[in-house]
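Protein chains in written order, with the working numbering: chain A, 1 to 385; chain B, 386 to 652.
These aren't lab readings, by the way, just hints derived from the structure by calculation.
Any given hint could turn out to be false.
[Unchecked claim] Derived DMTMM-like pairs: lysine to aspartate or glutamate, alpha-carbon spacing no greater than 20 Å straight-line:
1. B/Lys445 <-> B/Glu421
2. A/Lys68 <-> B/Glu468
3. A/Lys346 <-> B/Asp578
4. A/Lys68 <-> B/Glu419
5. B/Lys471 <-> B/Glu396
6. A/Lys68 <-> B/Glu421
7. B/Lys398 <-> B/Asp450
8. A/Lys102 <-> B/Asp570
9. A/Lys102 <-> B/Glu568
10. A/Lys134 <-> A/Asp348
11. A/Lys68 <-> A/Glu29
12. A/Lys68 <-> B/Asp578
13. A/Lys102 <-> B/Asp578
14. A/Lys138 <-> A/Glu148
15. B/Lys398 <-> B/Asp462
16. A/Lys346 <-> A/Asp213
17. B/Lys398 <-> B/Glu421
18. A/Lys33 <-> A/Glu94
Small disclaimer: the values here were computed from a predicted structure and weren't measured.
Given next are the chains, with one letter for each unit.
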Amino acid sequence: MTASPPSPEAGADSKAATAQWEAGPSGGECTVKVGGDWQLSDPVPNWSALLNQRAATDVCVMPQDLGKWDTSLVLFLVHGRAWCVASKHEFLAEALPDNLQKLLRQVAEVSAQKAKPKASIVSPLVLAGSIARKWTGKVTEVVAFVGECTLGFAGLVRNPGRFRWMDWLVQMQQCWVTSLPIVGLVSFLVGVILAFQAALQLRQFGAAIFVADVVGLTVVREMGPMMASMIVAGGTGAGFAAQLGNMKVDEEIDALETLGISSVDFLALPRLLAVTVMMPILVVYANVLGILGGMFVSAVMLDIPVSAYWIETQESVGVSDVTSGLVKSVFFGMAIGLAGCLRGMKCDRSASGVGTATSSAVVTGMMLIVLADAVFALIYNVLGI
Amino acid sequence: MSTTTPASVIEVKNLACGYGDTVILQDISFAVHEREVLFVIGGSGCGKSTLLRCLIGLLKPLRGDVSYFGKSFTAADATQRREILKTFGVLYQNNALWSSMTLAENVALPLEEHTSLTREYRQEIVALKLTQVGLAGSEERYPSELSGGMKKRAALARALALDPAIVFFDEPSTGLDPITLREMDRLILQVRDTFGTTMVIVSHQLSSVFRLADRVIVLDREAKGIIAEGVPAELAATSTDARVRGFLNLEADLTTRHEPGPPSPGK
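Construct the complete structure from the given sequences, taking the supplied hints into account.
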């Protein structure tokens, strides 16, 4: 019996792969004759189609006009051998070409490996335990990294000459250059949106001038620091993680450690301090652009003179309001730097590891910013600022 | 008595390759025959890897033609090119295993892309290929969990996934110790003997050249082309070109223990 039809794709000079079953005398040893060209890309016979509910028996495989062959023939024979082994019968392949026999011996264990243990159901207790362990490990990692950074900073204070000031300046420049346009645009638009929203309500009471109060206070206390830090987290923080992650993959961080150089002092600290210093500066810039956005809408849409808007802003926004936003921004900067450097330095040694570290740095950074903002809101509330 | 010349599987005619206006190689012509192990050797910067990149289509030749089984690869349209690409596998210098995938996924990807085999069948082929290179049971491991030699073997398994007629190797000895290198050489020969695969190997590992090569072509940076072609042992012994003899006999020089010279006068 031929187990498969001829290949429709076979060329003029190629013969379809065949496997024929010939029963032996008195139901004894059977012969399977394999022939034709066996190519993975063409339809080839398979053992189960050839068997067709036959009774188990010894099998002798013989080549018959066998042409080109590849892995498809090897797999066919592996299946045949597994069938014989399962039914405790002989599988005789001595008539096959030597190289094919050699390969068959080499892959003897393939079929044995097919049965893989099924994943067992994990009990909720074990699951909870493993999650707790995972999170404990993560928290320990963060605490250790913060500790290392603190020690590094203490070392900087004791011995400022050893700090890599040039790296720090370069990082500040990069943070500034990458963030400036987008922070400016977003802050201006936030000012515009706030002014529109406030005007909708305040105009009903003839109090359109108080748009300046709403925009000024909201931008200076919340939106300025928040928007600037979100943008820096997405740009600079992600950049830190990608940069350090690549260094980890290329074993550059290992090279530092084996030279006895602290990778935290050398790589993380300049970045961390750069973003911490740059954040308040960017927030001042964001505040100015946000107020200008509100002023633009008020002047063009609400007919409020620019001078009146400016005087109202000066009266409503106090030094403490500006300071509260700037103080927060320092901590936001630290959060961004910590998240970016930590994720980068702990990333897996693979391309996907770098990608995961980068997105994780952004998510962690933003989460920390929101958390810090909530804490500051509470503190300011208690202090009456 | 008539002798039959083995069929050419690769034919390179008047090939010139380089980057931008810089010509690295010019007027390169040679053929690779079925089941042959051909080494491309030469000093650093002579254009070995550039030639390989031209052969496998990663670099467009400046002039000339590369053909596989009589079909031009250089002038092929997208469909023909895809068909030709299926006929060869490549083992890259740094293995180029996809780090986000397991070994099984790495080896299975060419099968998924180029065949309509069932998932179970593909899995069996993957297991078989990994067993063939000595990595049985490593299906679920990631490249980052492997040693240099294991990565090399995994990359070979991926290159062999489609049972290609030709396999290109770019510096297969990179990062391997002598024992692993010998094992890799044995594996290359075994694949050739089992499947009749044609091998084109870019290397400067002389021990492998003498162990494996049916033929070598020697490239030279100054000449920007082939300066010798032939059986390595014969070239080493009989070449009239001092550069070729010097290169091929280098290993003997390096492995010869030099006796300390006479004490310097005055000591």
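Outcome of the hint check:
1. At roughly 25 Å between alpha-carbon atoms, B/Lys445 and B/Glu421 are farther apart than 20 Å, so this suggested pair is violated.
2. Taken as a hint, the A/Lys68 and B/Glu468 pair is honoured in the structure, with Cα atoms around 18 Å apart against an allowance of 20 Å.
3. The suggested pairing of A/Lys346 with B/Asp578 is violated, with an alpha-carbon distance near 46 Å, which exceeds 20 Å.
4. The suggested pairing of A/Lys68 with B/Glu419 holds, with an alpha-carbon distance near 13 Å, which does not exceed 20 Å.
5. Between the alpha carbons of B/Lys471 and B/Glu396 the distance comes to roughly 17 Å, so the proposed pair stays at or under 20 Å and holds.
6. Distance restraint check for A/Lys68 and B/Glu421: the Cα-Cα separation of roughly 17 Å lies within the 20 Å cut-off, and the hinted pair is therefore satisfied.
7. A threshold of 20 Å between alpha carbons decides the hint, and for B/Lys398 with B/Asp450 the separation of about 5 Å falls inside it, so the pair holds.
8. At roughly 17 Å between alpha-carbon atoms, A/Lys102 and B/Asp570 fall within 20 Å of each other, so this suggested pair holds.
9. A hinted pair counts as satisfied when its Cα atoms are at most 20 Å apart, and A/Lys102 with B/Glu568 qualifies at roughly 17 Å.
10. Using a Cα cut-off of 20 Å, the hinted pair A/Lys134 and A/Asp348 holds, with the two alpha carbons roughly 16 Å apart.
11. Between A/Lys68 and A/Glu29 the CA atoms are separated by roughly 27 Å; this puts the pair beyond 20 Å, and the hint is violated.
12. A distance of roughly 13 Å separates the Cα atoms of A/Lys68 and B/Asp578; the hinted pair therefore holds under the 20 Å criterion.
13. A threshold of 20 Å between alpha carbons decides the hint, and for A/Lys102 with B/Asp578 the separation of about 10 Å falls inside it, so the pair holds.
14. Distance restraint check for A/Lys138 and A/Glu148: the Cα-Cα separation of roughly 15 Å lies within the 20 Å cut-off, and the hinted pair is therefore satisfied.
15. As the CA atoms of B/Lys398 and B/Asp462 are separated by approximately 19 Å, the hinted pair is consistent with the 20 Å bound.
16. Distance restraint check for A/Lys346 and A/Asp213: the Cα-Cα separation of roughly 45 Å exceeds the 20 Å cut-off, and the hinted pair is therefore not satisfied.
17. Restraint check for B/Lys398 and B/Glu421: the C-alpha separation of about 19 Å stays at or below 20 Å, so the hint holds.
18. Proximity of A/Lys33 to A/Glu94 is assessed by CA-CA distance (about 13 Å); at most 20 Å being required, the pair is judged to hold.
In summary, the structure is inconsistent with hints 1, 3, 11, 16 from the numbered list given earlier, while agreeing with the others.
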